[in-house]
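With the hints as constraints, model all of the structure from the sequences given.
Number of protein chains: 2
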Amino acid sequence: MGVIGIDLGGTKIAAGVFSGGELRSRITVPTPEAGGQAVIEAMAKAAQTAMQEAGESAKAIGLGTPGPLDYTQGVIKFAPNIAGFTNFPIRDLLEKATGLKVYLENDANAAALAEHVLGAAKEASSSLFVTVSTGVGGGFVLDNRVLHGAHGQGAEVGHITVLPGGPLCGCGLDGCLEALATGPAMERMALAVYKTEVTTRELFARFEAKDPRAARIVLQAAHYAGIGLASLVKAFDPEVIVLGGGVALNAGPAYLEEVQRSYQRYMEGWIAPPIYMAKLGSEAGLLGAALTAGLEVGEV
Amino acid sequence: MGVIGIDLGGTKIAAGVFSGGELRSRITVPTPEAGGQAVIEAMAKAAQTAMQEAGESAKAIGLGTPGPLDYTQGVIKFAPNIAGFTNFPIRDLLEKATGLKVYLENDANAAALAEHVLGAAKEASSSLFVTVSTGVGGGFVLDNRVLHGAHGQGAEVGHITVLPGGPLCGCGLDGCLEALATGPAMERMALAVYKTEVTTRELFARFEAKDPRAARIVLQAAHYAGIGLASLVKAFDPEVIVLGGGVALNAGPAYLEEVQRSYQRYMEGWIAPPIYMAKLGSEAGLLGAALTAGLEVGEV
Chain A
428 MGVIGIDLGG TKIAAGVFSG GELRSRITVP TPEAGGQAVI EAMAKAAQTA MQEAGESAKA
488 IGLGTPGPLD YTQGVIKFAP NIAGFTNFPI RDLLEKATGL KVYLENDANA AALAEHVLGA
548 AKEASSSLFV TVSTGVGGGF VLDNRVLHGA HGQGAEVGHI TVLPGGPLCG CGLDGCLEAL
608 ATGPAMERMA LAVYKTEVTT RELFARFEAK DPRAARIVLQ AAHYAGIGLA SLVKAFDPEV
668 IVLGGGVALN AGPAYLEEVQ RSYQRYMEGW IAPPIYMAKL GSEAGLLGAA LTAGLEVGEV
Chain B
428 MGVIGIDLGG TKIAAGVFSG GELRSRITVP TPEAGGQAVI EAMAKAAQTA MQEAGESAKA
488 IGLGTPGPLD YTQGVIKFAP NIAGFTNFPI RDLLEKATGL KVYLENDANA AALAEHVLGA
548 AKEASSSLFV TVSTGVGGGF VLDNRVLHGA HGQGAEVGHI TVLPGGPLCG CGLDGCLEAL
608 ATGPAMERMA LAVYKTEVTT RELFARFEAK DPRAARIVLQ AAHYAGIGLA SLVKAFDPEV
668 IVLGGGVALN AGPAYLEEVQ RSYQRYMEGW IAPPIYMAKL GSEAGLLGAA LTAGLEVGEV
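Residue numbers (our numbering), protein chains in the order written: chain A, 428 to 727; chain B, 428 to 727.
None of these hints come from the bench; they were simulated from the model.
It cannot be assumed that every hint is accurate.
Put simply, identical chains are the same to the list, so a pair is met inside one copy or across any two.
Once the Cα atoms are required to be at most 20 Å apart in a straight line, the calculated DMTMM-like pairs of lysine to aspartate or glutamate come out as [as the list claims (entries may be wrong)]:
1. Lys504 - Glu695
2. Lys504 - Glu666
3. Lys472 - Glu460
4. Lys504 - Glu522
5. Lys472 - Glu522
Keep in mind the model is a prediction, meaning the values are calculated, not measured.
What follows is the structure, encoded as structure tokens:
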């Protein structure tokens, strides 16, 4: 008997049975556009299918979800990409629909937990996961426990202020790490410089081809990413950093070298934990969801 | 039977017996200038005197010390204000000198623990302590456990980068919170502005008297202090912040209002934990040292 992991996203729901240290099944269904209770029913059905495919039942469900959570109440405060998900009591509703105990985790935290237990940080007692893609997310794990924070906003690593007075962030504040180091951040800079839209992928290609303007944009993003990582290390002092997300993983060596250079520069005189690249890719969310339940019920 | 707390500083050693939730004795002796083993002997003697004054023996010693620590080995890596304290195996030496088990804690962490258990954060399950004086130090406590970090440099809150390219810090990096928000930081600004030395105390007096140059200096320091606190909250998400240290406690309401204003501005759209002023004053170090042992041996 294993546990079920469910990774709930704005467009799809992934579910799988986890036992004996690995996923025994993996299924994916679309997230119902109706939102609300329809999403609960789709998740319950996906859990059922995942058990059938694995030929195994489950003790509990671990659910990774977007949005800030109230962990005590089992409530999603809001999730902009799913209808009807404001102050939504997702835990109790899914428990009612499945008859199984449900453990909630924020999706970035779930990925952090997966990399900590099974991925790049598996030898470490503490790790800081930072994902750089369209946003900057992450999670801090110490002794297999995710730091939720007192208000469910622990390790909101994308929103530390890296440059006061810098570019505005989607959160409304100025100079957040997320406003400086992500794909959209680079695309905004590219629009200013090239006067036309340039995708992140194209920017990286121009950077590798030694276009000085692309280099300036990419290196600036990497520079602030390194500064942000160094500040986060001075807060958490993790044994290792795990870096993931589309920008970090697809950017190529020159970008990563600049992140390292900037990070090392802002760790001078300090012990700098190594930066490892995330290992679990898109499966981190599903694995982390399963681990969230697995660690609670002794199935890891 | 209680525990002994020892607060080791560069100029004095405070020791006391803690039992039944309070200090039963408090003694202070000078820190021997010879450093090294002389400091061990002075601490052992102070512990003895503290037990005599309290009329009570002790199960263990909690020792609060300056400098970065190797908690596993019980070693002070370095303490610039005490001779012979480089890679100094202080725990084993003090255990040998006293026959008691010794638990080590960094002094800022000890103060954080004291405010968490007995002081301003005593109702909270997690708290971030930040002390602003000649430096910026602090500690993060969750469920009565201090975050040491994997390399003994957890919650080095003074050295998050608040302004890349900003003033150089004592640690050698640019734009650390400590380089922007402390007494010495303000005094450096004052020297640039007034072309003569002005103490922090005098600056605060001029600020209260509405001198616009003093206002600019003090408000800028408070501004960066608020930004730093907001970034730290996005990392740790503590239930409460406890603010201590000479600058924070003696600055007066106008400074604190500006810290609040800046902090609230950089928490807009987020849940902002309240900022409480530290309650235990100069006794926090001694109490925290005692609690470090007390929590281990069940004497709190």
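> Is it within, between, both, or neither for lysine 504 and glutamate 695, if the alpha carbons may be no more than 20 Å apart?
Replying inline: Between copies only: 17 Å across, 40 Å inside.
>> One pair to classify: lysine 504 and glutamate 522, alpha carbons no more than 20 Å apart. Within, between, both, or neither?
In response: within (18 Å within a copy, 51 Å between copies)
> For the identical chains here, do lysine 472 and glutamate 522 meet the 20 Å Cα criterion within one copy, between copies, both, or neither?
Replying inline: within (13 Å within a copy, 61 Å between copies)
> Between copies, within a copy, both or neither: which fits lysine 472 and glutamate 460 at Cα up to 20 Å?
Replying inline: within (16 Å within a copy, 73 Å between copies)
> Can you tell me if lysine 504 and glutamate 666 fall within 20 Å by alpha carbon in one copy, between copies, both or neither?
Replying inline: Between copies only: 18 Å across, 32 Å inside.
Violated hints are absent here; each numbered hint is respected by the structure.
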